[in-house]
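*Asks:* Just so you know, the protein sequences line up as chains A and B, in that order.
Numbering-wise, the numbering used here puts 306 at position 306 of the first sequence, and it's gapless, one number per residue.
Numbering-wise, the numbering used here puts 301 at position 301 of the second sequence, and it's gapless, one number per residue.
Simulated crosslink set (DSS-like; lysine-lysine; CA at most 27 Å straight-line): (1) B:K74 / A:K195; (2) B:K268 / A:K252; (3) A:K191 / B:K77; (4) A:K185 / B:K71; (5) B:K268 / A:K245; (6) B:K14 / B:K71; (7) B:K14 / B:K74; (8) B:K74 / A:K191; (9) B:K77 / B:K122; (10) A:K71 / B:K198; (11) A:K185 / B:K79; (12) A:K245 / B:K252; (13) A:K191 / B:K191.
The set of hints was computed from the structure by calculation and includes no laboratory data.
Protein chains: 2
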Amino acid sequence: MIKLVVDLMGADNKPKDLIKGAIDAINDIDDLYLYVCGPEDELLNEIKDLNYDNKRIEIVNCNEAITNYDKPVKAFKTKPNSSLIKGLTLAKENDEIKGFVSCGSTGAILVSSTFILGRIGKVRPALSPILGGLHPFCLVDCGANSDVRVDELYDFAKMGKAYMEAYGKENPKIALLSNGSEEGKGNDLVKECYKLLKEDSNLNFIGNVEGKNLLTLDVDVVVCDGFSGNIALKTIEGTAGVIAKFLLDYAKNNNMMKELGPVLYELKNTYDYNTKGGAVMLGVNKLVMKGHGAGVSETIYALVKQAYQLAKNNLIEKIKENLKND
Amino acid sequence: MIKLVVDLMGADNKPKDLIKGAIDAINDIDDLYLYVCGPEDELLNEIKDLNYDNKRIEIVNCNEAITNYDKPVKAFKTKPNSSLIKGLTLAKENDEIKGFVSCGSTGAILVSSTFILGRIGKVRPALSPILGGLHPFCLVDCGANSDVRVDELYDFAKMGKAYMEAYGKENPKIALLSNGSEEGKGNDLVKECYKLLKEDSNLNFIGNVEGKNLLTLDVDVVVCDGFSGNIALKTIEGTAGVIAKFLLDYAKNNNMMKELGPVLYELKNTYDYNTKGGAVMLGVNKLVMKGHGAGVSETIYALVKQAYQLAKNNLIEKIKENLKND
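Kindly generate the complete structure, drawing on both the sequences and the hints.
*Replies:* In structure tokens:
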């Protein structure tokens, strides 16, 4: 049995609008057990008419949320009864629990999971989403660490490798995000890290990737500092959003919703990483996954499924193993 | 009379396929004089049947090009007869010449223009394209400097201000590219620069901009180190390219070229910055503009028009003035 904690609070949507995703996951996966953090009465009322195996779901009553308006460190210290802190503490204290998922505040999840679950060795935990549509890859780091040292960036590559291995990818291809694909391109950090990655025979390092090829290159792990990674990630999101809006406006203004509707839907389906699951906090002692703040019940379902798979494939053990080669 | 040098070599397309853009500019602007660098016979043959005022265009015969395959510093030293070096030298030696445009190798233009024309004071020259479709803004730096100090980043803001002023923008709004819009977000460099920009009453600093809002925010100047700027720029290009290809494939596979053709064309027209002109090398002693390597004659036309306007509006003097406030 894989046991996971699901935090339903702190996101844009209400816990009662998200719990259906947890129920669907329970119905879909036989050896899954969920601890769901949220307001008990409200949640029970929402699911009372649904069919599910109630011996594999347990509601952890929480009535307080940490939101994006809370300062992460302060919230961690002052909101011990919040769903985030209660959920992470439960995961910490129960060895059988393999992971934690939430659509709450990224900053609060980063801070609280690091404090409560602890780091693997001295690694800097990094946030890593799966991107790419046709060639999925993980981006490590997408925003947890704005300034990193070269050894920390090197660790991101190793953790990214473990992450993609836990997805079943053999010998994942690793690239460095840079301002040009040729060797020698990059800022000082990238140029130094390039040498380390190139010399490491455990890593399948294929060189630099630039922004232009990020979504098309055949690569499994893209390594970068959290500042650059965040810019790349959000620029993809922003550009896709602007184009989608342009197309939608065009379709409306030209009475072409019938013709353009399907392509817009397929476009969103292929490239919207928000519907694809969450970002994993690589480097803490348990699997922690963060979904999009605007997530809906389908998001919760996708998150839980993804976390289940990663837990089953021993992500944390794989990360520990990869980092041991230091 | 505004005199400019146009380098037609070193790009993907042949000089003879580009010269039409220079002729169109001459025909369009009465007080424009062009020195066109390229193979004389070939160019004269190409334009022999065209109508234009041949007293305002002069061909500088060049038979050697610097390409993307040349190492910029080596090329500068070993190819004195290339169109790039001859054109820049001409611009340097003739006080009447106000600027230089080329679609050649970015690295070679950066290096050669800095060596030949010299820097304004001690500023680090930065490459700045105009982006944004509906809300055009300049991005400074998009790739000339991978590692910058905070005072250099501060200078980029001042040069960007001068640049947008030369486009007629009053009191341009300036933002820092960061991993979040709130004050306090950013890497150490951005956080430090934030303070300097906020305290400078000469600058209309509006705070941070993140990748997600880059194409939609009402801002005139986006300031960043050349590494992050390059990632943002190329990620926009890559994302738009992937979506455009997706739409094109969809249209072809579903026999919908008739329905989707016009929207694809309008999309490209609105967001493809390659057709909109070039990137300016801010910080060298004369106006230097770099167009897209795949540029066609329309690109040359747009570049020349843009350079003409900037020269007419005293870009270089404005930059010197803004930097004086140090």
